[in-house]
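In this note's numbering, the protein residues as written are 21 to 701.
Hint data in this document are derived by calculation from the structure and do not stem from the laboratory. Treat each hint with caution, since some may be false.
[As the list claims (entries may be wrong)] Taking CB as the label site, the calculated pair distances span:
id, residue 1, residue 2, range
1, His239, Val31, 44 to 50 angstroms
2, Pro412, Lys469, 19 to 25 angstroms
3, Pro380, Lys204, 37 to 43 angstroms
[As the list claims (entries may be wrong)] Listed below are the simulated DSS-like cross-link pairs for lysine-lysine, each with C-alpha atoms no more than 25 angstroms apart in a straight line:
id, residue 1, residue 2
4, Lys572, Lys690
5, Lys693, Lys672
6, Lys366, Lys469
7, Lys591, Lys693
8, Lys591, Lys471
9, Lys570, Lys690
10, Lys477, Lys648
11, Lys570, Lys600
12, Lys600, Lys571
13, Lys600, Lys471
14, Lys572, Lys600
15, Lys477, Lys572
16, Lys648, Lys600
17, Lys648, Lys693
18, Lys591, Lys648
19, Lys600, Lys693
20, Lys672, Lys477
21, Lys471, Lys571
22, Lys392, Lys471
23, Lys672, Lys648
24, Lys392, Lys477
25, Lys648, Lys471
26, Lys392, Lys366
27, Lys690, Lys672
28, Lys570, Lys693
29, Lys366, Lys471
30, Lys600, Lys672
31, Lys693, Lys571
From the three backbone atoms N, C-alpha and C, an ideal C-beta is built for every residue, glycine too.
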Amino acid sequence: MKTFSWKSLLVSLLLALAAGVATCAIWWGGLIDSLQAAFVVNVSHGEAPLQTPQTWVGLLLIVGVSVSSGFLVSRAGARRSFWILGMGFLSSAAASLLASRYWKVDIVFAPMAIGSISAVLLVQLYRLWLIDSLLTNRVNETSARTDIVEPGLSQSRMGSGLKLLQTILPLEEAVLFQPNEFGKLVPIARVRNSPSASLQSGRNRVWRRLVSLCDQAIHSNEIAVSAAGTIDSFESVAMPVRHESHTVGVMLLRLREPFEESDRRLLAAVGGQIARNLQREEARKKKLDGNLPAFASARTSGYRLHAFDYLSGVITEQRFGAQVLAEAPDAYALAYLDGTGAYMNKAMLAAANLDPSETPNVDLFALLERFKTGVFDEPAIAVRRVLQSGQPYERELAFADRNQTLELRISLTNEPANRNGNGNGNGNGNGSHANGPLCFAIRVRDITKIKDFEQMKSDMVSLMSHELRTPLTSINGFAELLAIDEGIPEESREFLQIISNESQRMSRMIDTFLSVTQLERGDKKEVVHIPVRLDELARETISTMQPVAKKKRIRLVDQANGTIPPVAADKSLITQALMKLLDNAIRYSPERTTVTVSTMLEAEAVRVIVEDRGYGVPAESIDRIWEKFYRVARDGQEKDEESTGLGLAFVKEVVEQHGGSVSVESEVGKGSKFSFALPRL
Numbered sequence: 021m022k023t024f025s026w027k028s029l030l031v032s033l034l035l036a037l038a039a040g041v042a043t044c045a046i047w048w049g050g051l052i053d054s055l056q057a058a059f060v061v062n063v064s065h066g067e068a069p070l071q072t073p074q075t076w077v078g079l080l081l082i083v084g085v086s087v088s089s090g091f092l093v094s095r096a097g098a099r100r101s102f103w104i105l106g107m108g109f110l111s112s113a114a115a116s117l118l119a120s121r122y123w124k125v126d127i128v129f130a131p132m133a134i135g136s137i138s139a140v141l142l143v144q145l146y147r148l149w150l151i152d153s154l155l156t157n158r159v160n161e162t163s164a165r166t167d168i169v170e171p172g173l174s175q176s177r178m179g180s181g182l183k184l185l186q187t188i189l190p191l192e193e194a195v196l197f198q199p200n201e202f203g204k205l206v207p208i209a210r211v212r213n214s215p216s217a218s219l220q221s222g223r224n225r226v227w228r229r230l231v232s233l234c235d236q237a238i239h240s241n242e243i244a245v246s247a248a249g250t251i252d253s254f255e256s257v258a259m260p261v262r263h264e265s266h267t268v269g270v271m272l273l274r275l276r277e278p279f280e281e282s283d284r285r286l287l288a289a290v291g292g293q294i295a296r297n298l299q300r301e302e303a304r305k306k307k308l309d310g311n312l313p314a315f316a317s318a319r320t321s322g323y324r325l326h327a328f329d330y331l332s333g334v335i336t337e338q339r340f341g342a343q344v345l346a347e348a349p350d351a352y353a354l355a356y357l358d359g360t361g362a363y364m365n366k367a368m369l370a371a372a373n374l375d376p377s378e379t380p381n382v383d384l385f386a387l388l389e390r391f392k393t394g395v396f397d398e399p400a401i402a403v404r405r406v407l408q409s410g411q412p413y414e415r416e417l418a419f420a421d422r423n424q425t426l427e428l429r430i431s432l433t434n435e436p437a438n439r440n441g442n443g444n445g446n447g448n449g450n451g452s453h454a455n456g457p458l459c460f461a462i463r464v465r466d467i468t469k470i471k472d473f474e475q476m477k478s479d480m481v482s483l484m485s486h487e488l489r490t491p492l493t494s495i496n497g498f499a500e501l502l503a504i505d506e507g508i509p510e511e512s513r514e515f516l517q518i519i520s521n522e523s524q525r526m527s528r529m530i531d532t533f534l535s536v537t538q539l540e541r542g543d544k545k546e547v548v549h550i551p552v553r554l555d556e557l558a559r560e561t562i563s564t565m566q567p568v569a570k571k572k573r574i575r576l577v578d579q580a581n582g583t584i585p586p587v588a589a590d591k592s593l594i595t596q597a598l599m600k601l602l603d604n605a606i607r608y609s610p611e612r613t614t615v616t617v618s619t620m621l622e623a624e625a626v627r628v629i630v631e632d633r634g635y636g637v638p639a640e641s642i643d644r645i646w647e648k649f650y651r652v653a654r655d656g657q658e659k660d661e662e663s664t665g666l667g668l669a670f671v672k673e674v675v676e677q678h679g680g681s682v683s684v685e686s687e688v689g690k691g692s693k694f695s696f697a698l699p700r701l
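Go ahead and model the full structure; you've got the sequences and the hints to work with.
Here it is, written out as structure tokens:
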């Protein structure tokens with residue numbers, strides 16, 4: 021862990037300087053004279069006394085050695101500095117003895133050694149405090165980041181666990197206890213079948229005996245059972261609540277029926293989850309304090325233990341995802357961002373034809389190589405595209421040799437944003453709703469049956485197109501021929517006209533249905549997108565529909581709204597969609613009214629609006645008019661029998677295939693305003 025910075029270096033030098041100054045004061049006061057004498061050779065009687073450096077020189081030596089030692093430990097660390105400082109200590113001690121023996125000089129070794137040792141201790145303690153503070157902050161940050169439960173929800177989850185037991189066991193009452201700071205059990209959650217039968221805690225002998233049973237369970241780390249009639253009329257069961265060998269509380273169950281041994285596993289599973297909830301709540305209440313290092317504060321050490329217990333519980337819960345994927349019918353694999361394989365479920369092993377023993381040696385690219393086909397022959401390019409754009413890569417892979425079609429999806433799994441919806445600045449460019457990528461997710465789905473069904477559907481549509489349209493053409497043709505025969509009675513001629521009209525209506529329905537079906541199942545790449553000016557297209561469509569409008573004495577008006585930029589669209593399809601909107605407006609408008617077509621520029625789209633003064637759409641039908649075969653029934657009238665109920669469905673499908681949207685505003689008796697918007701170029 022890197023803890024060096026210029027600030028930390030400056031603090032280390034100041035601490036070393038303080039140690040040197042303090043040592044100078046001790047030396048100046050003569051408090052270490054006896055220790056100093058141990059590192060010099062005493063002079064004999066009659067010899068000249070030992071010479072000591074001038075005071076300012078001695079002070080400078082002590083401070084210099086202290087600051088140098090502190091600097092060395094700050095930059096190199098205590099372990100690497102140990103040998104250098106140790107050799108320096110031994111060399112200086114030998115030099116002090118030799119200098120005092122032969123040159124009668126005291127080099128003030130003892131004060132320098134004390135200053136150096138003091139500086140080393142202070143600087144090392146400061147470095148340990150820095151590392152401890154970083155660890156504390158990281159634990160707090162990790163706890164906050166992995167805290168997927170909102171404040172206050174842990175208490176609810178603990179109550180939920182007890183209610184679950186109440187549902188599946190003959191439970192009269194359940195109480196969850198947790199030791200307080202004095203080791204006394206206190207109730208923190210409780211559910212009961214009948215409030216009148218609930219015990220008043222601390223107020224009667226039965227409650228004290230139940231608490232004693234819970235104490236017994238905690239001390240023995242085993243389930244304690246008291247048969248019915250021993251304490252009261254219910255059978256009492258006390259079970260320690262544990263997670264990873266750590267008991268965090270005890271659960272008391274009062275049962276109306278005898279406890280069954282087969283329920284032990286159930287209780288252990290629910291108890292483990294309740295233990296994790298307790299640890300989560302405890303960690304939330306006790307935030308770590310970074311002012312004192314853990315080795316100097318029992319309180320900080322205890323809080324850190326709570327945090328690690330909580331993180332252990334979160335890691336246990338987050339393993340659920342992998343277990344769920346293991347049972348998924350689709351093939352899933354996860355890979356780290358360096359390409360190393362992280363996880364593959366059984367379905368992926370089968371899809372890639374891998375043996376479980378091979379998985380440790382299979383990375384992202386080796387896995388994708390097993391799905392290479394003509395349309396997916398460069399896995400590296402697909403991975404690079406996902407990393408560059410952040411968007412998933414999807415392809416259908418056809419394997420003719422085994423008559424199989426697979427759907428491959430490669431995507432990045434992003435770290436979720438924090439609760440206020442803001443990222444931490446390391447996002448991947450996809451917006452503020454997610455932080456940076458965590459890993460690759462690969463999904464392979466067998467869609468062979470789906471493709472077979474689509475082919476069968478396509479064949480059936482083709483059959484409908486041919487087998488239904490041909491007889492309808494014959495029916496309509498012969499009906500028209502018979503209708504012009506003057507020898508046929510007027511009543512029969514009316515029936516023939518009905519036959520002709522209905523056959524034509526069915527032909528129109530088949531044509532529209534086939535168009536919608538082809539759009540739904542067709543590849544969007546088949547739609548030719550070219551620059552289209554919707555205002556010009558609207559004028560052309562109005563000219564085409566003028567004869568139809570004149571027959572009903574309806575006036576079509578083109579309302580211009582300035583310069584309109586082009587959109588990327590298939591002109592033929594958009595023209596058909598607009599014609600269907602105009603046809604509806606003409607059909608459902610009274611005579612001598614106006615239908616207005618306008619185009620307008622919005623923020624990033626161009627909108628086309630068809631507004632009429634017709635009968636309007638009832639509020640209960642607004643949400644359904646885009647559905648296939650849905651026809652609106654106006655008050656007091658039957659549904660329009662000439663309508664196929666497919667026109668608006670066709671409009672919606674065409675517009676959405678172009679990346680646009682449809683909308684409608686209507687008021688019964690006053691008219692309707694249908695519109696669609698397409699992204700502008």
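Verification of the hints:
The hinted range of 44 to 50 angstroms is satisfied by His239 and Val31, whose Cβ atoms lie roughly 48 angstroms apart. Against the hinted window of 19 to 25 angstroms, the Cβ-Cβ separation of Pro412 and Lys469 comes to about 23 angstroms, which satisfies the hint. Separation of Pro380 from Lys204 is about 51 angstroms and departs from the stated range, judged on CB atoms against 37 to 43 angstroms. Our distance criterion of 25 angstroms between C-alpha atoms is met by Lys572 and Lys690, whose separation comes to about 18 angstroms.
Using a Cα cut-off of 25 angstroms, the hinted pair Lys693 and Lys672 holds, with the two alpha carbons roughly 15 angstroms apart. Annotation: proposed proximity of Lys366 to Lys469 holds, straight-line Cα distance about 20 angstroms (limit 25 angstroms). For the proposed pair Lys591 and Lys693, the alpha carbon gap of about 22 angstroms is at most 25 angstroms, so the pair holds. Proposed proximity of Lys591 and Lys471 is contradicted: the alpha carbons are some 30 angstroms apart, above 25 angstroms.
Restraint check: the Cα-Cα separation between Lys570 and Lys690 comes to about 21 angstroms, which is no more than 25 angstroms; the hinted pair holds. Straight-line distance between C-alpha atoms of Lys477 and Lys648 comes to about 17 angstroms, which keeps the hinted pair within the 25 angstroms bound. For the hint pairing Lys570 with Lys600, the CA-to-CA distance comes to about 17 angstroms; that is within 25 angstroms, so the pair holds. Under the criterion of a C-alpha separation no larger than 25 angstroms, the hint pairing Lys600 with Lys571 is consistent with the structure, at around 17 angstroms.
This hinted pair does not check out: Lys600 and Lys471 have alpha carbons roughly 32 angstroms apart, beyond 25 angstroms. The hinted pair formed by Lys572 and Lys600 meets the criterion: a straight-line CA distance of about 16 angstroms does not exceed 25 angstroms. Of the supplied pair hints, the one linking Lys477 and Lys572 is violated, its CA atoms being roughly 40 angstroms apart against a limit of 25 angstroms. About 14 angstroms separates the Cα atoms of Lys648 and Lys600, which keeps this hinted pair within 25 angstroms; it holds.
With a CA separation close to 20 angstroms, the supplied pair Lys648 and Lys693 stays within the 25 angstroms bound. For the hint linking Lys591 to Lys648, the alpha-carbon distance of about 23 angstroms falls within 25 angstroms, and the restraint holds. Between Lys600 and Lys693 the CA atoms are separated by roughly 14 angstroms; this keeps the pair inside 25 angstroms, and the hint holds. For the hint pairing Lys672 with Lys477, the CA-to-CA distance comes to about 21 angstroms; that is within 25 angstroms, so the pair holds.
A distance of roughly 47 angstroms separates the Cα atoms of Lys471 and Lys571; the hinted pair therefore is violated under the 25 angstroms criterion. Straight-line distance between C-alpha atoms of Lys392 and Lys471 comes to about 19 angstroms, which keeps the hinted pair within the 25 angstroms bound. Of the pairs offered as hints, the one joining Lys672 and Lys648 holds, with about 10 angstroms between alpha carbons and a cut-off of 25 angstroms not exceeded. Note on Lys392 and Lys477: the hinted pairing is violated, with a Cα-Cα distance of about 29 angstroms set against a maximum of 25 angstroms.
With a C-alpha separation of about 23 angstroms, the suggested pairing of Lys648 with Lys471 holds against the 25 angstroms cut-off. In summary, the hint linking Lys392 to Lys366 is supported, as the alpha carbons are separated by about 20 angstroms, within the 25 angstroms threshold. As the CA atoms of Lys690 and Lys672 are separated by approximately 24 angstroms, the hinted pair is consistent with the 25 angstroms bound. For the hint pairing Lys570 with Lys693, the CA-to-CA distance comes to about 21 angstroms; that is within 25 angstroms, so the pair holds.
Simply put, Lys366 and Lys471 have alpha-carbon atoms about 24 angstroms apart, close enough for the 25 angstroms limit, and the pair holds. Among the hinted pairs, Lys600 with Lys672 is consistent with the structure: their alpha-carbon atoms are about 11 angstroms apart, no more than 25 angstroms. As the CA atoms of Lys693 and Lys571 are separated by approximately 22 angstroms, the hinted pair is consistent with the 25 angstroms bound.
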